[in-house]
Amino acid sequence: MIDINRIRNNKEEVEKALLKRMDNVNLDELLEWDKEKRQIGTLMDGYRAERRKASDKIAELKRAGENTDDIVKEMKELGTKIDEGMIKYTELDKRIFDYLALLPNILDDDVKSGGKENNEVLRTNLEQPKFDFNLKPHYEILKDLKMVDYDRGVKIAGEKNWIYTGIGARLEWALINYFIDTHIKNGFQFMMLPYMLKYECGFGAGQFPKFNDEVYMIKNEDEDEKNVKFLLPTAETGLVNLHSNEIMNIDELPKKYFAYTQCFRVEAGSSREEERGTIRGHQFNKVEMVEYVTEDKTEQAFDELLNIAEGLMKSLGLHYQVSKLAAGDCAQGMCRTYDIEVWIPSMKIYKEVSSVSNSRDYQARRNNTKYRDADGNLHYACTLNGSGLATSRLVPAIVEQYQNEDGSITIPEVLRPYMGGLEVIK
RNA sequence: GGAGAAAUACCCAAGCCUGGUUGAAGGGGGCGGUCUUGAAAACCGUUAGGUCGGCGACGGCGCGGGGGUUCGAAUCCCUCUUUCUCCGCCA
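Numbering (this note's numbering), first residue to last: 1 to 426.
Since the hints were derived computationally from the structure, they do not count as laboratory data. These numbers were taken from a predicted model, which means no experiment stands behind them. Treat the hints loosely; a few may be bogus.
To be verified - With a cut-off of at most 27 Å between alpha-carbon atoms, the simulated BS3-like pairs for lysine-lysine come out as follows:
{"no.": "1", "residue 1": "Lys20", "residue 2": "Lys112"}
{"no.": "2", "residue 1": "Lys198", "residue 2": "Lys219"}
{"no.": "3", "residue 1": "Lys324", "residue 2": "Lys256"}
{"no.": "4", "residue 1": "Lys210", "residue 2": "Lys88"}
{"no.": "5", "residue 1": "Lys81", "residue 2": "Lys37"}
{"no.": "6", "residue 1": "Lys370", "residue 2": "Lys210"}
{"no.": "7", "residue 1": "Lys297", "residue 2": "Lys324"}
{"no.": "8", "residue 1": "Lys314", "residue 2": "Lys297"}
{"no.": "9", "residue 1": "Lys185", "residue 2": "Lys256"}
{"no.": "10", "residue 1": "Lys16", "residue 2": "Lys130"}
{"no.": "11", "residue 1": "Lys37", "residue 2": "Lys210"}
{"no.": "12", "residue 1": "Lys155", "residue 2": "Lys219"}
{"no.": "13", "residue 1": "Lys160", "residue 2": "Lys210"}
{"no.": "14", "residue 1": "Lys94", "residue 2": "Lys210"}
{"no.": "15", "residue 1": "Lys112", "residue 2": "Lys210"}
{"no.": "16", "residue 1": "Lys256", "residue 2": "Lys297"}
{"no.": "17", "residue 1": "Lys324", "residue 2": "Lys348"}
{"no.": "18", "residue 1": "Lys185", "residue 2": "Lys94"}
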């Protein structure tokens with residue numbers, strides 16, 4: 001949520017900033033509603049003050065046994081005026097709120113405008129691996145080595161589902177455990193979250209109401225729209241709402257959390273050749289980090305999250321690139337996002353395995369997460385998130401980059417302790 | 001799933017039946033002070049946090065959330081949420 005005061009005071013600047021990711025912006029109407037709302041509010045406050053005084057007066061008169069008919073009648077009329085004014089006030093308030101709720105975050109100055117095509121590769125790790133034998137694509141390797149069962153996954157759960165089987169499940173689990181251990185060592189707090197979250201979490205994270213259709217809503221017959229729960233599309237949605245409607249003390253910050261969860265996404269209409277296998281499914285595994293910090297520490301936290309995610313990739317010995325996303329590719333609530341994209345040799349493409357973002361106070365304003373500074377003043381907290389990492393995308397990269405001529409897979413060294421010392425999958 | 005009870009400020013807690021100097025008693029804790037070399041104890045004082053409007057003076061809202069009744073609601077009515085106790089079921 002963008003601060004309405006920022007729009008009141010710097011309308012042109014905000015409009016210009018929003019144009020980076022919106023086709024057209026005109027905040028005049030919003031400011032008109034805002035002005036009208038405040039006018040009505042001030043008037044109503046005055047009426048209410050008058051009514052309060054009159055109530056005391058009535059009490060006094062009654063105690064003295066005097067007649068109160070006239071003043072009661074007067075207050076009855078005033079009450080009607082207040083009711084009418086409040087209907088208009090509430091309507092304007094909701095209109096303003098709904099409008100603001102749909103505005104995306106203001107991107108950092110250095111984020112390029114335009115879409116995906118303007119993403120900028122900042123750096124790469126290792127060379128593209130070379131193979132002097134015929135490469136097998138990951139979906140064949142995983143099938144041949146009986147690591148993933150695509151057919152039965154689809155049989156029991158429908159399209160874009162799979163089953164990790166045997167050693168495949170173990171590899172996936174090894175990755176998750178390795179990441180968990182690393183985050184604990186880095187001082188992040190391990191959280192196991194509910195997977196079904198309340199609607200307001202989706203709102204707080206900046207995903208709703210715009211992206212209601214991208215998650216699985218769980219709705220019972222008797223529940224209304226705002227009472228629904230949904231399956232979390234990422235652990236960020238839960239972690240970022242942990243302290244909603246709370247005031248933290250500044251010495252509690254930074255707060256560093258991580259969670260492993262399954263993630264559930266509708267992924268409507270996305271079915272491409274390059275997304276076969278476990279690249280994109282309705283359900284996948286991800287370990288996610290979230291930090292709460294003061295506004296002056298977001299750059300530092302951003303670097304930390306990115307470093308941790310990259311560190312994991314480096315320790316796995318994978319070739320990847322880091323991309324700075326252009327405006328159109330950044331999520332709604334973020335003012336900056338860098339992706340780590342791993343090389344999938346058979347397809348000659350890089351696929352996102354981590355996304356590190358800074359939302360500044362956009363999410364905190366939506367879910368009312370504040371902290372108190374040393375002088376006792378209140379501020380919205382800033383939230384950042386980063387995947388560390390999405391394992392279901394990593395397995396295809398590992399089996400391809402680590403494949404051997406005989407069809408076997410060498411297990412990256414850091415994972416071996418998590419797989420009973422196993423070195424090769426064949 | 002069934003039956004009860006509850007939610008008041010940083011914490012505990014009174015008020016609710018019987019609506020109006022409760023725009024929230026009292027206690028603890030916090031803060032300030034007296035006393036003391038310092039501290040403790042005792043005593044005195046003080047303490048609604050938040051939010052909205054306003055340059056400000058100040059004003060509005062607030063007793064779990066949302067509605068309603070009323071000139072006026074912590075108090076009466078409806079509704080939702082959460083917690084606790086008992087019963088049932090259950091990994």
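Okay, the hints, checked on the actual structure:
| no. | hint | in the structure |
| --- | --- | --- |
| 1 | Lys20 to Lys112 | 8 Å, holds |
| 2 | Lys198 to Lys219 | 11 Å, holds |
| 3 | Lys324 to Lys256 | 23 Å, holds |
| 4 | Lys210 to Lys88 | 26 Å, holds |
| 5 | Lys81 to Lys37 | 16 Å, holds |
| 6 | Lys370 to Lys210 | 24 Å, holds |
| 7 | Lys297 to Lys324 | 20 Å, holds |
| 8 | Lys314 to Lys297 | 25 Å, holds |
| 9 | Lys185 to Lys256 | 12 Å, holds |
| 10 | Lys16 to Lys130 | 46 Å, violated |
| 11 | Lys37 to Lys210 | 25 Å, holds |
| 12 | Lys155 to Lys219 | 25 Å, holds |
| 13 | Lys160 to Lys210 | 24 Å, holds |
| 14 | Lys94 to Lys210 | 16 Å, holds |
| 15 | Lys112 to Lys210 | 23 Å, holds |
| 16 | Lys256 to Lys297 | 13 Å, holds |
| 17 | Lys324 to Lys348 | 20 Å, holds |
| 18 | Lys185 to Lys94 | 45 Å, violated |
When each numbered hint is compared with the structure, violations occur for hints 10, 18.
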